[in-house]
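There are 2 protein chains.
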Amino acid sequence: MSKNYCLIMAGGSGTRFWPRSRVAKPKQYLSLFGEKSLIQESVQRFANFIPEESIYVVSAKSQQAVLESQTGNLPKENLIFEPVGKNTLPAIGLAALFIAEKDPDGILIVSPSDHLIQNDELFRQTIESAALIAGRKDGIVTIGITPKHPATGYGYVQTSEEVNIGQPIRSFAVQKFKEKPSLEVATSYLQQGGFFWNSGIFIFKVSVFLNAVQQFAPALHADLMRIKEQIGSADYESALDKIYREVESISIDYGILEKASNVFLVQGDFVWNDLGSWEEVYKYDQNKDENRNSAAGEVVLIDTKNSYVYAPNSLVAVVGMDDVIVVQEGDTILVCKRDRTEDIKNVVGEITKRKLDQYL
Amino acid sequence: MSKNYCLIMAGGSGTRFWPRSRVAKPKQYLSLFGEKSLIQESVQRFANFIPEESIYVVSAKSQQAVLESQTGNLPKENLIFEPVGKNTLPAIGLAALFIAEKDPDGILIVSPSDHLIQNDELFRQTIESAALIAGRKDGIVTIGITPKHPATGYGYVQTSEEVNIGQPIRSFAVQKFKEKPSLEVATSYLQQGGFFWNSGIFIFKVSVFLNAVQQFAPALHADLMRIKEQIGSADYESALDKIYREVESISIDYGILEKASNVFLVQGDFVWNDLGSWEEVYKYDQNKDENRNSAAGEVVLIDTKNSYVYAPNSLVAVVGMDDVIVVQEGDTILVCKRDRTEDIKNVVGEITKRKLDQYL
Numbered sequence: 009m010s011k012n013y014c015l016i017m018a019g020g021s022g023t024r025f026w027p028r029s030r031v032a033k034p035k036q037y038l039s040l041f042g043e044k045s046l047i048q049e050s051v052q053r054f055a056n057f058i059p060e061e062s063i064y065v066v067s068a069k070s071q072q073a074v075l076e077s078q079t080g081n082l083p084k085e086n087l088i089f090e091p092v093g094k095n096t097l098p099a100i101g102l103a104a105l106f107i108a109e110k111d112p113d114g115i116l117i118v119s120p121s122d123h124l125i126q127n128d129e130l131f132r133q134t135i136e137s138a139a140l141i142a143g144r145k146d147g148i149v150t151i152g153i154t155p156k157h158p159a160t161g162y163g164y165v166q167t168s169e170e171v172n173i174g175q176p177i178r179s180f181a182v183q184k185f186k187e188k189p190s191l192e193v194a195t196s197y198l199q200q201g202g203f204f205w206n207s208g209i210f211i212f213k214v215s216v217f218l219n220a221v222q223q224f225a226p227a228l229h230a231d232l233m234r235i236k237e238q239i240g241s242a243d244y245e246s247a248l249d250k251i252y253r254e255v256e257s258i259s260i261d262y263g264i265l266e267k268a269s270n271v272f273l274v275q276g277d278f279v280w281n282d283l284g285s286w287e288e289v290y291k292y293d294q295n296k297d298e299n300r301n302s303a304a305g306e307v308v309l310i311d312t313k314n315s316y317v318y319a320p321n322s323l324v325a326v327v328g329m330d331d332v333i334v335v336q337e338g339d340t341i342l343v344c345k346r347d348r349t350e351d352i353k354n355v356v357g358e359i360t361k362r363k364l365d366q367y368l
Numbered sequence: 009m010s011k012n013y014c015l016i017m018a019g020g021s022g023t024r025f026w027p028r029s030r031v032a033k034p035k036q037y038l039s040l041f042g043e044k045s046l047i048q049e050s051v052q053r054f055a056n057f058i059p060e061e062s063i064y065v066v067s068a069k070s071q072q073a074v075l076e077s078q079t080g081n082l083p084k085e086n087l088i089f090e091p092v093g094k095n096t097l098p099a100i101g102l103a104a105l106f107i108a109e110k111d112p113d114g115i116l117i118v119s120p121s122d123h124l125i126q127n128d129e130l131f132r133q134t135i136e137s138a139a140l141i142a143g144r145k146d147g148i149v150t151i152g153i154t155p156k157h158p159a160t161g162y163g164y165v166q167t168s169e170e171v172n173i174g175q176p177i178r179s180f181a182v183q184k185f186k187e188k189p190s191l192e193v194a195t196s197y198l199q200q201g202g203f204f205w206n207s208g209i210f211i212f213k214v215s216v217f218l219n220a221v222q223q224f225a226p227a228l229h230a231d232l233m234r235i236k237e238q239i240g241s242a243d244y245e246s247a248l249d250k251i252y253r254e255v256e257s258i259s260i261d262y263g264i265l266e267k268a269s270n271v272f273l274v275q276g277d278f279v280w281n282d283l284g285s286w287e288e289v290y291k292y293d294q295n296k297d298e299n300r301n302s303a304a305g306e307v308v309l310i311d312t313k314n315s316y317v318y319a320p321n322s323l324v325a326v327v328g329m330d331d332v333i334v335v336q337e338g339d340t341i342l343v344c345k346r347d348r349t350e351d352i353k354n355v356v357g358e359i360t361k362r363k364l365d366q367y368l
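Going down the list, the protein sequences come from chains A and B.
Quick note, the first sequence lines up with residues 9 to 368 if you use our numbering.
Quick note, the second sequence lines up with residues 9 to 368 if you use our numbering.
Do not rely on the hints blindly, as some may be mistaken.
Note that identical chains are pooled: a pair holds if it fits in a single copy or bridges any two copies.
Said to hold, decoys possible - Think about it this way: if two alpha-carbon atoms lie no more than 25 Å apart in a straight line, the pair counts; the simulated BS3-like pairs of lysine-lysine are:
id: 1; residue 1: K313; residue 2: K361
id: 2; residue 1: K69; residue 2: K44
id: 3; residue 1: K69; residue 2: K33
id: 4; residue 1: K84; residue 2: K110
id: 5; residue 1: K363; residue 2: K296
id: 6; residue 1: K361; residue 2: K296
Please keep in mind that the hints were generated in silico from the structure rather than gathered at the bench.
Based on the sequences and whatever the hints tell you, model everything.
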């Protein structure tokens, strides 16, 4: 039986968690619940059933220091760095080269680093079912989350016939990947049935993946092969830098999953959320008080309800407010209506315009 | 003609401007509008027509450092300190001793240090009219503000017949001082006419005042005479400390004004506000943007209206909010609904309860 490897994708950057997420410290490195950061929770979730020497992380060179400081339990050679961000397919391709060197028949579980997942045991069973299918069918497997509501912020996966492998976890053949839908379309998906949220977790044999790259993204495959030749040489870094900058930026969804035929979906019934905003962090925080406030730090709440306050280094007092998010980070403070977290990107835009880079 | 002296009362402490007002830096020392603090604005307003050597300040010993740092233009001997706070009558009595030593026939203008006053020229005319009446009538004169609305947060002064001195500024005999009324009572005052807001500004000859203290507060007068004997001696501080601690705590309104018969009111038509809350600071700030926001510091406002944001040392971003007050001071942040500023005292109460004195 093939061995399982895990590849955690940690290259993301973003502004939706400003002021906590900064250019130098994106969301995956934040401790949004409890003490561990999202990437540390992701590593731990896999380390429950995959040895640490088989857990890899691919990230941006610019994040090397923070990544190393948060993943001290992983072998340093398992941290793979992109010189520049090129979306998911090149990142997975680059990391796959290193895993293929070690074990070309290994099964690779690719996972985002910055999602919320609860029910670790069900998660493990789901991943192991997926790994079984990936091994037996030489297929590309995705974890599909059973949709709870007609979300418009997620991609969907439409399934066809059920596959009878890896019971009791259910699995299906994939018919089609769907972009983020309108509310109307999402509602029709839920009524129709057979649709799942695309979790961004993919499972396949390393060899199956690299073959798919060769078939559907041959230019990228050629570039990866040129990089592969340099692995272990003194020129690796400079060669990688040169080749990778020219690589096409493309997602695994668009580059492979939507084109491949041998794609399966394993049904994920664990609690899952992509934590796209402070609003979702508020919703998933399990330590709310009797007024449904979520507060961390020295916080004084007077007649305040349904609010999220994070202030590790300040005293924050909130008086007479409902449905607000207050986040302090260093010398930066955000006060945002809970239903307006989409507009935090406009704050970041304004800070950029004012050239106040110290706050980004 | 008698010379005019000014006595600014700066002993107040308070929590309504937390987190900017702290135990060590009460409201009068804050720059709420522009660069000057309220006490500096008060001193300047009188210095327009009274020489600085005739301007005195009475304050608490605990505020000596901040007071001296903000009134460098006044002679140091004009700063009079109470060992403990004893309300307005003993404070004015103590300061009056020093002024009486210099000029017992001088006219003393007693004024709060922490109010907003606009129209400096009309203010000067009003005060000079009051000084004229105080000199000619040997009376106790108060400035009454023409009420703009049935405020329940101010005391009122009921007048009777008009006095024909100091035209064109109008003046009246005082019939009665009234405590802060209910809305119903305040409304009836405005309908009835002849009522004014009590500004806390009083004008009288020093000798008239000390005689009134002797008549209406004889115990306090006796204590003041004991203190007077020590002025200039090496034992002054220790004698003051000992005697003053035993003095009755009483306001000039209750101790003298409500009891004296020879009381006059001069009508004040300058802009006046006692700045009782952040809400009033917001209302009187004349530098609002097109969304009626008042913002100081590095502030980013996204779809935010009718709000007050003060953040001299932070970047504060406010998104999708109406009618909020956000104030940053050091490592302390207040977020308060504009109509809830009354509850800031509860924040201070909670901080006290948690023994977080560094935030008070």
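Hint by hint, here is what the structure shows:
1. K313 / K361: Between copies, since 21 Å is at most 25 Å while 34 Å is not.
2. K69 / K44: So K69 and K44 pass the 25 Å test inside one copy only (22 Å; across, 50 Å).
3. K69 / K33: This pair counts as within: shortest intra-copy Cα distance 13 Å, inter-copy 49 Å.
4. K84 / K110: For K84 and K110, the Cα distance is within 25 Å only inside one copy (15 Å; across copies 83 Å).
5. K363 / K296: For K363 and K296, the Cα distance is within 25 Å only across copies (24 Å; inside one copy 37 Å).
6. K361 / K296: Result: close only across copies, 22 Å inter versus 37 Å intra.
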